[in-house]
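Engineer: Residues per chain, in single letters:
Protein chains: 2
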Amino acid sequence: MLSYDEYLKMVEEHLTDTLKSLGFIPQRILDPMCYSLSAGGKRVRPVMLLAACDMGGGKTERALPFACALEMIHTYSLIHDDLPAMDNDDERRGKPSCHVAFGEDLAILAGDGLLSAASEIMLREAVLHPDGRAAAAALCVMRRAGVTGMVGGQTVDVTMENKPVTEETVRYIHLHKTADLLTAPMEAGLILAGAARDQIEAGIQFGQKLGLAFQMMDDLLDVEGDAAVLGKRTGLDDQAGKQTWIALRGVNGTKADLERTTDEAISALHIFGTSGNFFKDLALKMLHRVQ
Amino acid sequence: MLSYDEYLKMVEEHLTDTLKSLGFIPQRILDPMCYSLSAGGKRVRPVMLLAACDMGGGKTERALPFACALEMIHTYSLIHDDLPAMDNDDERRGKPSCHVAFGEDLAILAGDGLLSAASEIMLREAVLHPDGRAAAAALCVMRRAGVTGMVGGQTVDVTMENKPVTEETVRYIHLHKTADLLTAPMEAGLILAGAARDQIEAGIQFGQKLGLAFQMMDDLLDVEGDAAVLGKRTGLDDQAGKQTWIALRGVNGTKADLERTTDEAISALHIFGTSGNFFKDLALKMLHRVQ
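Residue numbers (the working numbering), protein chains in the order written: chain U, 138 to 428; chain W, 138 to 428.
It is worth saying that the hints were derived from the structure and are not from the lab.
A few of these clues could be false.
Identical copies carry no separate label here, and so any pair may be met within one copy or between two of them.
35 angstroms max Cα-Cα, derived DSBU-like pairs, lysine-lysine [unchecked claim]:
id, residue 1, residue 2
1, Lys392, Lys196
2, Lys157, Lys300
3, Lys232, Lys300
4, Lys392, Lys157
5, Lys179, Lys392
Note that the structure is a prediction, hence the values are computed from the model and not measured.
Pulled out of the complex, with its shape left as it was, chain U reads as follows (with noise of 0.2 angstroms):
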């Protein structure tokens, strides 16, 4: 296993060329979706793609496709949900969105391109290696960032602003707007690696919730979090009438139900033995993160 920084590495090598890759792309399309891919951010979903195949004893070459894919697919929602029409979000990491930046019909025009670039890269990695490996690990991957997944998560995010705030409506956003893209590094990068299904379900369930601990810090940190260190507006969530973790269980409950969370995140690790290290370090971190 690599340390956090060298998976790291890794992606931003090759994030942009494995879009250059797919052939001759206008530049007037290019330019706003590398402005977006290339502002930076923790790259966390591929990094953990990385590091779970490689806990399973798998390639990493091999990884790489679907670890850049996957940020792709986060930089386009991302990009779509900056959106006038969705969250109105003019700051995305300290720079201005990418419609801010480009107009909001090459942003639309832009997720598009990502979103379609990634199942177009993970589609070549399955024509590749028909070993039926790759073919699966894009498929838990789009059906994570679909509409029973993140764009479903989206979806009720969107439609249950200033409705009343239940317990159902707040994790079923958590699981799919937040959690399902954070499981699918893991369940794809096992996959990848050929690992068992008893290890596919334990990394599931650290995904799941380390989704949901994350998506908890998210709530807390617009709330107590710094602007400038976040690099983005706070007090939104309210602001906005948002179905938040916040609004259901107030500030300390929130932290109490974060640590659990991340007990129970940790422990699904288990299985793993001291491979799982990397991503018990990862909950950890995640837990005391300021952005």
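On the provided structure of chain U, position chain W as indicated by the hints.
Structural biologist: Chain W alone, transformed into the frame defined by chain U:
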């Protein structure tokens, strides 16, 4: 080989069920997706995919999920294309556009959802049928739908409005914005059938010529068509300063090119013998369409 209406019936019967087969989809996203999917249209792309598979000696049951996926991709592109930041069309096939009926946020998400669903449906086939054909067919559909295909064409269409009209630009837009999604069904259908390489190449050739002819006719209808029959306003291209075949060649030049291109499409079918008659009829029908 069946008739157009028989293939059409197969598509109509399976389209929404195929979408719903993905699992639990929140009603708030299912509604706008089904609204736009059910808005009718000629279903020319999925019908072509079924017929191409049949022409190549394949089983239409294996082609059906791909036909549905392709119609979902076409529908997502229409939903996003109609958005205020894009072509700003408030009507589609005589009904309110998706964003008029459901709001911009849900229209963006419904488009994202349909594209994701299409990819997921094709990947599910690739996992179910690990013979390589499904993965290859899915890759060709996503490639023609993505940044080197339709999304690329859309981008050039949007960004070259009110710029000097050149043949290179018009041809790029027509080939990618329109022809790629009419070429994909030929290529994917024949791949699924296990057709020989020269047959697949002939199918691609036919699809590209048909696509160019289709867009020439579209440009002509925008000038000479009947808005009531078309179910959309006319004269929009000139108003928006679009790069059209009309702007390049004039009405009479476009009509001559349309006849020539239709002839070229039909010539490409030679390799299929009498099995090619379905597509010959389709090309001739397109030459005389009024909507």
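Engineer: Quick one: which hint numbers does this structure break? Sort them smallest to largest.
Structural biologist: 1, 4
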